[in-house]
Structures are given as C-alpha cells and as structure tokens.
Amino acid sequence: MESLSNKKKVLEQKPLSFMERMYLPAIVKGMGITISHLFKKEATVRYPEVEREFSTNFRGMHSLKRDENGKERCTACGLCALSCPAEAITMIAAERKPEEKHLYREEKYAATYEINMLRCIFCGLCEEACPKEAIYLDGPIVPADYLRKDFIYGKDKLVEAPLEMKK
Amino acid sequence: MSTQVFYFVATLSILFSLMVIFAKNPIHSVLYLILTFFTFTVHYVLLNAQFLAVVNFIVYMGAIMVLFLFVLMLLNLNKDTEPSKSPLIKIVGVIAGGCLIVTLIGSLKAASISSPLILKNPGLGLVENLGKELFGPFLLPFELSSLLLLAAMVGAVLLSKRDEVEA
Amino acid sequence: MDTGFIIEKFILVVVIFAISLVIAMYSTYAERKVAAFLQDRLGPDRAGPFGILQPLADGVKMFMKEEIIPTTSNRWLFIVGPGLALLCACIGTAVIPWGTPVLIAGKTVSLQVTDINVGVLYIFGVVSLGVYGVMIGGWASNNKYSLLSAIRAASQNISYEIAMGLSIIALLLMTNTLSLKEIVAQQHGLNWNVWYQPLGFLIFMVCSFAETNRAPFDLPECETELIGGYHTEYSSMKLGFYLFAEYINMFVSSAVMATLYFGGYNYPGMDWIAAHWGPTWAPLFGTAIFFGKIVFFIFFFMWVRWTIPRFRYDQLMNLGWKGLIPLAIANIIITGIVIAIIEKF
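Taken in sequence, the protein lines are chains A, B and C. According to the working numbering, the first sequence is numbered sequentially starting from 551. According to the working numbering, the second sequence is numbered sequentially starting from 58. According to the working numbering, the third sequence is numbered sequentially starting from 23.
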C-alpha cells in the first residue's frame, strides 16, 4: 500500500560487509559511548532525602481548604461526589450550630468527608465541580500503607491545618 | 612414600573403573570414568610425566569426556527404552568377554615386568624432552598419526554436511 | 620437605584464597556500581558509605534464603555441581606468580604457590574442568532449561578452548617455556608480550570472555531464552557458589591475561624501584602493580558486559570456528615464520 505520510522507511537487510563482520570497529565505538557516560552526571534523585519538584499541574493528595478567617469552606453540597467518576468521595452533611460559627463558613457543613484513595484516579473533576473552592488536589503523593481501610482518608487527614497553626 | 601413594591411587583407579561398569545410570558411569581418568593423571605425575599428565587432564577429562556427557545428557536414557536382549546376544557376549580375558592374561604373561624406560631417563616426560623425542626419532609416526586425525576430522565434517542437491 | 616450607606455602595459599574470595565478593559490588555509572545511575549506596558493605548484605541474604532441592533431582550431584564450579575456579590461582620473591623477616618468600613447568597447560586444564560444575549442576536439576544451558556451556567452552589454545601456542613459540614464572620474568620492564602478540592477545581475550561465560557470550545463562540457565533450580548459597565461581573465574582469567601478555608484576622503571626501595617493598610494589592490572581487566570485563548485547548462538559458533580458529592458526604461522627469519639472520 502506498504510504500517505511519506514517513515510511523501508528497512533493508543486507548481509554484513567485511568490516561489519569483524565486529571490532562497532564494538570500539560502543565502548566509547559507554565510557563517556562514566563521566556524566547521574540522573538519580536520592528519594527519601531529596525530593524531586513536581510540575505545576501535578495533582496529588486532596486538601479541604479554609477561608481567610480559618473557617472550613466546604458546604457539603455533594457536587464533588457526584462529579467523581471513580465514586471515591462520600460525605454526611450537618447543620451548623450558632456556637460553631467560627468553624464553618456556610450554614451547612460536612460532618464527615471521606475519600477512598484506592478508588481515586486523581482526575481533578472534584476540584472543578466545587462551587466554594473548597477542595484542591495540591498535596504530595499519597503514601503507601498496609491495610485497605487505612486508605480511606477522613477529615482528620484532608482538612488543611488552621491558620494559627500555619503561622 | 611414593609407593604408598601409587598403591592408594591404583586402588582408586580400579575401584572407579569397576564403578563405571556397575553404575546403573549412564551419566554416573561417565562421571566415574572421569574420576578414573583423574587417577590416571595422578599416575602420570607420579611417573614425572608432567606433560602427559596435563594433556590427559585437558584432552580426556576436559574435552572428550565433556562430549560424552553432552551426548548422554541429550539421549534421555530410560529403563523402558532399553532394548531387551535375546539369549543369543548374551551367549555371544560371554564368549567375546572370555576371549578378551584370555588375550589379556596371555599378553600379561608374555610381558616382562622390567622395561623401566622411565627409570632410565627420569626427565623423559618433561615437555622439552618429549618434544625432542617426538620430532626427532618419532617424526614419521607422529606426522602420520596427525594425518590420520585430520582424515577423521574431514570425514566427520563431510558426514555432518547436508547434501547440497537434496536441500 | 621441612616444616617451615610447608607453613610458608600454607600461609601463602590461605592468603591467596582469601584475596581471591574478597576480590570476587567486591566484584559483585563493582559490577553493580560500574553498571550504574555507565548508565548514569548511582548503584547500591545504602549499606555503609558508598554502599561498600553491600557484598556482606548480599552474602547474609544468600545464607538466609530457603534452600530448595527439587525432589526429582539427583541430590548428590545437585550438591556437587556448585562445589565443583567453585573449586575449579579457585585452584587456578595456584600457578600464577604474584610477584618476585619478597624478603620478609630475613627470609626470602616466593610469591608463587608452585612453579610447575607446565603452568600454562595447568591453567587450561583447570579451565576445561570448570565446565563440569555447570554440566553436572544443569543435568542434576532435572529441568529442560538447565539441561539446555549445560549443553550450551559445554559446547561453547570446548569450541573456544581450541582457539584459546592456538592463540597461546604462538606466544609459547616466542617464550620457549610453559612455566608462568619464566614467561613473566622474560617481560622485564615494558617488554610485554602484548607488543609482539597483539592478535594473539585479542583472540585470547575474546576466548576468555567465552570461557568465563561473561557477556557478550553469556549464552548458558541468557534469561530471555533459558530463564536462569543452569542455575534455574538453585537457591540459597548453592546459587551463591555459582555466581561466586563466575567472578573468581573472571579474576583468574584477568590474572592470566595480565601474566601472559601484560607483564605480570613488571612495570617500567622497576629496576630503579628495586634499587632504591629494598628487597621487601619493591616486590610488594610490583605485586600491587599486578593487582592494578587485574583490577583493570576486571573493569574491562564489566565495561564490555554493559556495552555489547549478547551474541546469538549461531553467531557465537561462527565466530569461534570460522573466525577465531583460522585467525589463531594464521597467527601461529606468521609468528613461526618471523621467528625462523630472525634466527636465520
């Protein structure tokens, strides 16, 4: 069939010429290449001590954000759970009591908020669905663990630290 | 000291050669044969024939027996593949064995014990002397035997080569 | 034979044995490090500073692993195999002259275990015997892959032994002796054999790659075709023995190459050193130089391993029988003619 892109390369298999059959010139050339790598800088990052920088659009562990007064932004509308293609998010909403006004921004808040990190595919759709700008996938890589139940992250792990502690 | 070593090694030689015959598994037979050749090497060393010892070591133990082992390993000899022997073959075998024993005893009787070629010239087995002997007085037989080996080699190559017309 | 002689030789044997084991141990570490550096990586660096305790960790791991002997295998031969491989690898060191005699505590000590007058042939014998370890182990495993690997090892070793022997004959035409001690002594200063026998050295080196089953001729253990090769069924320290035997073989063949072609303990300016440093330190310095050459060759083995891909089996046999053997014979003829001409005039 005729190639449309003109990128097709026909590989020709000719019998080796005398020089090629001697192997030595090619071997010497190859050894030159490998020895030159002996003096090149290694590409290794010594991971636990040194961490490689993530790219700017990296999506890692989720964090539930607070507003400028340290109140939790999430209002438990459930849009993130609805948008999640992997069904990883679940939550229980509760009504804010008057004395909790300094803790939650809206009158309705998430009493529990759980993300199953084994289900999550880190697509970022929850981030886009959120009307309150409450969830962002800006954390590090989710660490390994031994038990499945330990991968269901609750609010204790997800909500970002209060403002006072951050300072 | 030397006599004791000789008797010890000679006993081992006989023991291992008997094991070659009595071993059920052909691979074990070959391994015992290798040990037998090893004891022969020791005998050569005791006779101060170092070159012969090493050549026996390299050629018989290191090359020929490896090929024997090679072939036997490929053959996959099992009990059920062994052809049953008819009584006629057994009788022929007994007669042939008996003839061999008679010939051996006859030749042993005829041979005189005292032909101490080695003792007359203790350095005969060293490389230099051996070479001078081979390429001096024994030049013709030496070259003839090498021709014989060459003929065998050419024959082997010819046998293993596929027929051009057939292919 | 007096007791002092026996004690002296005994100490020498133990020291050489220990050194070859330690070098083999650290060859495993060096192999990984060299591989890493040639591939822009770091290699093992967690056990101790720069990872120098890695061989110990590997050894402990090998000993702690579960030992599995397949039920259908021939138990006795299965155990003999790795032992034989290691033994044959170790006894090759006996005839190598590690240095000139050293004066220690008012006594001149020879640094060669024994100088038999067929030293070169002895090395050949030991090398040719080494294949039995592989063959017996491969057969006793009762595994098709192991058996195929054992057969490959045998045919490869026999084929390359011929070219190796022929390349040595050209050297022996020049040296007129089979004793390694004298061959080294003839290469005083920079008068190394490699200048006279470059082709012979090249053939010898290629053959020693094949004899030690090292890449690019590591067909007996090529994992894409044969899983693990002859040691597929082996585990624990028996596997360790096989791996160790390979590295000791590499050490011994490096030593033989350095001895036969690169002047052993000889180096330019050795007379000046011998005159100024005295009879104890000058020979030891020569030995150090010898070990430097050995280490270079071991590095070379690794360098080649991480550069050249594995040969195909038919290419291996073609190279051995149609390439190296005719070349080695041509080398013998040329050497013979040149020596005859020189002797005539």
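Don't take each hint at face value.
[Unchecked claim] Below, a list of computed lysine to aspartate or glutamate pairs in the EDC-like style, where the Cα atoms sit at most 20 Å apart:
no., chain 1, residue 1, chain 2, residue 2
1, C, Lys166, C, Glu53
2, A, Lys590, C, Asp336
3, A, Lys591, C, Asp62
4, A, Lys591, C, Asp336
5, A, Lys590, C, Asp62
6, B, Lys189, C, Asp336
7, A, Lys579, C, Asp336
8, A, Lys591, C, Glu245
9, B, Lys218, C, Asp336
10, A, Lys707, A, Glu649
11, A, Lys621, A, Glu664
12, A, Lys590, A, Glu656
13, A, Lys590, A, Asp688
14, A, Lys615, A, Asp695
15, A, Lys621, A, Glu657
16, A, Lys699, A, Glu637
17, A, Lys621, A, Glu592
18, A, Lys590, C, Asp67
19, A, Lys564, C, Asp62
20, A, Lys705, A, Glu570
21, A, Lys558, A, Glu570
22, C, Lys344, A, Glu664
23, A, Lys615, A, Glu570
[Stated by the list, open to error] Non-contacting residues of chain C with respect to chain B, defined by C-beta distances greater than 10 Å in every case (computed):
no., residue
24, Gly65
25, Ile138
26, Phe146
27, Gly147
28, Ala172
29, Ala176
30, Gly345
Hints were generated in silico from the structure; no laboratory data involved. The beta carbon of each residue, even a glycine, is placed where N, CA and C say it ideally should be.
Is the Cα-Cα distance between A/Lys615 and A/Glu570 20 Å or less? violated, 66 Å
For the pair supplied as a hint, A/Lys699 and A/Glu637, confirm whether the alpha-carbon distance does not exceed 20 Å. holds, 16 Å
Given the hint that A/Lys558 pairs with A/Glu570, test it: the Cα-Cα distance must not exceed 20 Å. Answer violated: A/Lys558 to A/Glu570 is near 26 Å, above 20 Å.
Decide if the proposed pair is consistent with the structure: A/Lys590 and A/Asp688, CA atoms, cutoff 20 Å inclusive. violated, 34 Å
Between the alpha carbons of B/Lys218 and C/Asp336, is the straight-line distance 20 Å or under? holds, 16 Å
Are the Cα atoms of A/Lys591 and C/Glu245 separated by 20 Å or less? violated, 30 Å
Would you check the hint for C/Lys344 and A/Glu664, treating anything up to 20 Å between C-alpha atoms as holding? violated, 72 Å
Hinted pair A/Lys590 and C/Asp336, Cα distance within 20 Å: Measuring from Cα to Cα gives roughly 36 Å; hence the hint is violated.
Is A/Lys621 close enough to A/Glu592, meaning Cα to Cα at most 20 Å? violated, 46 Å
Has the given pair, A/Lys579 with C/Asp336, been kept, meaning a C-alpha gap of at most 20 Å? violated, 24 Å
Next pair to validate is A/Lys590 with A/Glu656; report whether the Cα-Cα distance is within 20 Å. violated, 57 Å
C/Lys166 and C/Glu53: Cα distance at most 20 Å? Not OK: C/Lys166 and C/Glu53 at ~29 Å, beyond 20 Å, violated.
Of the numbered hints given earlier, the model fails hints 1, 2, 4, 6, 7, 8, 10, 12, 13, 14, 17, 19, 20, 21, 22, 23, 25, 26, 27, 28 and 29; all others are met.
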